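Trainee: Now for the letters of each chain:
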Amino acid sequence: MSVQDLILNLHRFWAEQGCYLAQTYDLEVGAGTMTPDTFFRVLDKRPWRVGYVQPSRRPDDGRYGENPNRVQKHFQYQVIMKPSPVDIQDVYVRSLRSLGVALDDHDLRFDEDNWESPTIGAWGVGWQVLLDGLEITQFTYFQQCGGVDLSPVPVEITYGLERLEMFLEQKDDIYDLDWSADVTYRDLRFREEKEFSEYNFSVASVGMLRQAFGACQKEAARLIEKNLLLPAYDMCLKCSHNFNLLDSRGAISVTERVKLISQIRALVNDIARRYTTAKEGA
Amino acid sequence: MEFLLELLTEELPASHIRSALDQLEAGFRKELTAARIEVVSLRTLATPRRLVVAGDFAAGQEDREEVVTGPPLAIAKGPDGALTPAGKGFARSQGVDENLLEAIRTPRGEYLGFKRKAKGAPAAEILKDAVPRVLGALSFPKMMRWAESPFRFSRPIHGLLCVFGGTPVETSFEGFMATDETVGHRIASPGAIKARRFAEYSSELEKSFVVVDPEARKRTILTQIEDALAPLKAKVYPDPELLDDLTLNVEHPLVVFGGFPETYLSLPLEVLSTAMRAGQKLFSVVRDKKQLPHFLGVADAIADGKGLIRKGNERVLRARLEDARFFWDQDRKVSLKERAAGLKNVVFQEKLGSYEDKALRLKKIVSYLCDKLKAADIKAETIEAAGLCKADLLTEMVKEFSGLQGRMGGLYAKQEGFPAAVHQAIYEHYQPGSLEDASPASLAGAVLSIADKMDSIVGVLGVGIPVSGSSDPFGLRRNAHGVCKVILDRKLRFSFPLLLDKVLAVYGDRLTVECGAVKAACLEFFGGRLRFILEKRGSRYDLVAAALGPGLDQIYDVLPRVEALDSLKSSPQFEPFILMAKRINNILKGLSAAKVNSDLFVEKEERDLYSTFAIIRDNAQPMIARGDYVRAQGIYFKIQPVLNTFFDKVLVMAEEKKVRQNRLGLLQSINKMLLEIADYSQVVVEGEKPAKPKAPR
Numbered sequence: 001m002s003v004q005d006l007i008l009n010l011h012r013f014w015a016e017q018g019c020y021l022a023q024t025y026d027l028e029v030g031a032g033t034m035t036p037d038t039f040f041r042v043l044d045k046r047p048w049r050v051g052y053v054q055p056s057r058r059p060d061d062g063r064y065g066e067n068p069n070r071v072q073k074h075f076q077y078q079v080i081m082k083p084s085p086v087d088i089q090d091v092y093v094r095s096l097r098s099l100g101v102a103l104d105d106h107d108l109r110f111d112e113d114n115w116e117s118p119t120i121g122a123w124g125v126g127w128q129v130l131l132d133g134l135e136i137t138q139f140t141y142f143q144q145c146g147g148v149d150l151s152p153v154p155v156e157i158t159y160g161l162e163r164l165e166m167f168l169e170q171k172d173d174i175y176d177l178d179w180s181a182d183v184t185y186r187d188l189r190f191r192e193e194k195e196f197s198e199y200n201f202s203v204a205s206v207g208m209l210r211q212a213f214g215a216c217q218k219e220a221a222r223l224i225e226k227n228l229l230l231p232a233y234d235m236c237l238k239c240s241h242n243f244n245l246l247d248s249r250g251a252i253s254v255t256e257r258v259k260l261i262s263q264i265r266a267l268v269n270d271i272a273r274r275y276t277t278a279k280e281g282a
Numbered sequence: 283m284e285f286l287l288e289l290l291t292e293e294l295p296a297s298h299i300r301s302a303l304d305q306l307e308a309g310f311r312k313e314l315t316a317a318r319i320e321v322v323s324l325r326t327l328a329t330p331r332r333l334v335v336a337g338d339f340a341a342g343q344e345d346r347e348e349v350v351t352g353p354p355l356a357i358a359k360g361p362d363g364a365l366t367p368a369g370k371g372f373a374r375s376q377g378v379d380e381n382l383l384e385a386i387r388t389p390r391g392e393y394l395g396f397k398r399k400a401k402g403a404p405a406a407e408i409l410k411d412a413v414p415r416v417l418g419a420l421s422f423p424k425m426m427r428w429a430e431s432p433f434r435f436s437r438p439i440h441g442l443l444c445v446f447g448g449t450p451v452e453t454s455f456e457g458f459m460a461t462d463e464t465v466g467h468r469i470a471s472p473g474a475i476k477a478r479r480f481a482e483y484s485s486e487l488e489k490s491f492v493v494v495d496p497e498a499r500k501r502t503i504l505t506q507i508e509d510a511l512a513p514l515k516a517k518v519y520p521d522p523e524l525l526d527d528l529t530l531n532v533e534h535p536l537v538v539f540g541g542f543p544e545t546y547l548s549l550p551l552e553v554l555s556t557a558m559r560a561g562q563k564l565f566s567v568v569r570d571k572k573q574l575p576h577f578l579g580v581a582d583a584i585a586d587g588k589g590l591i592r593k594g595n596e597r598v599l600r601a602r603l604e605d606a607r608f609f610w611d612q613d614r615k616v617s618l619k620e621r622a623a624g625l626k627n628v629v630f631q632e633k634l635g636s637y638e639d640k641a642l643r644l645k646k647i648v649s650y651l652c653d654k655l656k657a658a659d660i661k662a663e664t665i666e667a668a669g670l671c672k673a674d675l676l677t678e679m680v681k682e683f684s685g686l687q688g689r690m691g692g693l694y695a696k697q698e699g700f701p702a703a704v705h706q707a708i709y710e711h712y713q714p715g716s717l718e719d720a721s722p723a724s725l726a727g728a729v730l731s732i733a734d735k736m737d738s739i740v741g742v743l744g745v746g747i748p749v750s751g752s753s754d755p756f757g758l759r760r761n762a763h764g765v766c767k768v769i770l771d772r773k774l775r776f777s778f779p780l781l782l783d784k785v786l787a788v789y790g791d792r793l794t795v796e797c798g799a800v801k802a803a804c805l806e807f808f809g810g811r812l813r814f815i816l817e818k819r820g821s822r823y824d825l826v827a828a829a830l831g832p833g834l835d836q837i838y839d840v841l842p843r844v845e846a847l848d849s850l851k852s853s854p855q856f857e858p859f860i861l862m863a864k865r866i867n868n869i870l871k872g873l874s875a876a877k878v879n880s881d882l883f884v885e886k887e888e889r890d891l892y893s894t895f896a897i898i899r900d901n902a903q904p905m906i907a908r909g910d911y912v913r914a915q916g917i918y919f920k921i922q923p924v925l926n927t928f929f930d931k932v933l934v935m936a937e938e939k940k941v942r943q944n945r946l947g948l949l950q951s952i953n954k955m956l957l958e959i960a961d962y963s964q965v966v967v968e969g970e971k972p973a974k975p976k977a978p979r
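Here the protein sequences line up with chains A and B, keeping their order.
Here the first sequence stands for residues 1 to 282, numbered as in my numbering.
Here the second sequence stands for residues 283 to 979, numbered as in my numbering.
The set of hints was computed from the structure by calculation and includes no laboratory data.
It should be emphasised that the depicted structure is a prediction, and the values quoted were computed from it without experimental measurement.
Note that CB positions come from ideal geometry on N, CA and C, so glycine has one too.
What you were told as hints is all true, and nothing was included just to trick you.
Here are the in silico distance ranges between beta carbons for each label pair: (1) B/E488 to A/S151: 37 to 43 Å; (2) B/R415 to A/R274: 38 to 44 Å; (3) B/A623 to A/Q23: 47 to 53 Å; (4) B/R792 to A/P85: 51 to 57 Å.
DSBU-like cross-link-like pairs, simulated, lysine-lysine; straight-line CA separation at most 30 Å: (5) B/K871 to B/K851; (6) B/K681 to A/K259; (7) B/K619 to A/K259; (8) B/K424 to A/K259; (9) B/K588 to A/K171.
Take the sequences, apply the hints, and build the full model.
Mentor: What follows is the structure, encoded as structure tokens:
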């Protein structure tokens, strides 16, 4: 099974569970959780089921294409089910079987792991799912997002596509994965990893990034005042990515780090609060 | 009758399971005792998905006699002994025959009343209410909501099996009606199972690949480990905590034995075992204290016939070790000295500055300590170690495996060729991590460990961050335990208040709280920690309080002081001595200081007492100075008979003021001498009510 088949399979499986299949969001994000299809949709009362592929950018994880496991951009398959179905663990296990994993021959574990993203004021309780010791999924009952208590509670299932595919293809090197019948992961991503690692660690202009961070932050605040919450949130995502780049350039001290994250979080929490108040008022 | 309860949930964290089992046992015992249901036996078991209570309870409450009281006798009966309307009304309202009424004697007087047999309720009735109460009271360090309910628990609940005497209890919890059904292993046999007795429950589960008894699972794991290692004549590196956690992480344990390429054996042992344990919960395999290129994991599976579980774990471990080797190689390209320069960008605490500031302070504190401990031979090395000890916070390895902080710095320093005293001090300076952990083996390590912890404690308290209840964000309790343990283990004698002065002076004007207040707070904090440590070692709380009475001038001395009290507490001289000390203490309470003048003695007995006191004091002083409190205490005992005679023959509160003041002055001198060993007034002796100590934390 290629990466492409894996995605098609997951699409089909989760569509059958009633998920709407969203398209990848067109901004750089650190995790699928951060896109509006999750962030805004978990805030209100309306039942919501969605599945989508989202590239996740973590500049600090770049290894110039030299590490068989770590990359500065990987792909997540993100599922949100709100409210969390009673049998969601069983459904998830079925999704693995549907990918052809003969679970009777393996060790599947739900291992305590509580997820949080301080940048968007979100946290949840759950597990990392391990398959023969390999972390293939983050499974989280979302408790808070944008500082808002979530009710009903959504469950978030995030598959790490490359990890899962390495397991399915029994390969030790991410670049050896087949994306499709005749295109490999190396073909698609190797040069990108090399160049972006260079950029993330050594070339990105710290001055430009700081300026961009400040500009987006200001813009977010201005848009919040005008109650344009979705564009304001986009600005926060840009802040977050600029922050990650500054961090991988080694330009952020530990204190500053805490300060900048809390600045983004303050904006995001404000957006979430206004979004839910407006909804409830309507 | 047999009671069986299983709460079926999604996978619970091991720490939550342990806490829940304690709460369940205590909760059921409390409910049943309060309801007068005899508990013949009660035990708890668990798997990651099940909290189980199995017991044997009486079928019902015992019948008992109940006394019902009504109005006071004076109101209920007339002077003729006949019932008044009030008395008749009481009988009517209770539906009791008037002939059965009698006078009931109470502490408040006599009342009209009667006795009746109360029929005991069946235990099933009691359990109906008790079960949801006990389950509903379970609490966890981190709780969650799910779906649409506001109810919070450790993880979502899926079912409640609850049977008593072979019949399901008519109860429910959070919408789950109690049944006699559960399910088997999530992957291997997820179908439904019926069970009405524990034996049946346990055997049906076993058929469905769930071993419900954690002890049985642990035995299986240990046996399988032994079997796997026997051919190699190797041993598993003992890790009881990991074993306990894994036991609670699986329903059907299967030990998986795997290997990794020998080239990774070039990595330090610390790195190998952390990579295995922290990331993947794997056991290391050793032979003759040497790491072998093997590991042991515990899977939740029936068998690994195709070796897929082993291969999967090997692949993951290899990737981890590859990362670790990358960090090890990268980190060694930059010397610790160069790296330490970067510490100015790493904040220790907002108001206390960076780790570079901390390192500078540590240099001054260890220099002071080496002087006080007369350790000139290691002074230069300890100062060098102090400057470098935090540099490893900036290494890739410590960023990945934070548990290796300190040890990594030591290993890198050794690679760079620093002298043993330097790299060992760096390696050991976080030790001991807890009271159970070993103290640093080297003196330089011990000095640096104390300095590092004292710097944190004084600094954090000095910027007004208190330690209270569960709030101890900087782990100051752990730090203080570390300081005390090192001092006690190594028998280090130095003035603790002067060390506090030194640390305060090194901080200078950084601290926001006034110096005197910080010092007082530190002394009080350490007093509390020492009390906790000594009581944990098994000393009686009142003896500990007494030994702490003289203060913390020498932290180490508190230990021999309490040991002296401990070893002498059963001697025949002890109790009379304590009573005498208390008597002095009571007489002197609240009096201002007075002086003794031997010319003012009137009676022979006070002259005798004075000379005995002087002899005892002169003899005991050198013993106390060298910490020999047992012998000093033995000599102290000798003052008791002389004092007794004094109290018998001499009136302390003499009419003449001069004489009275002089006698009080003599007693004060004696009291002051006694306080060199202990505040004996804290000791509780036979026939006294113990003053309950503050609960130690």
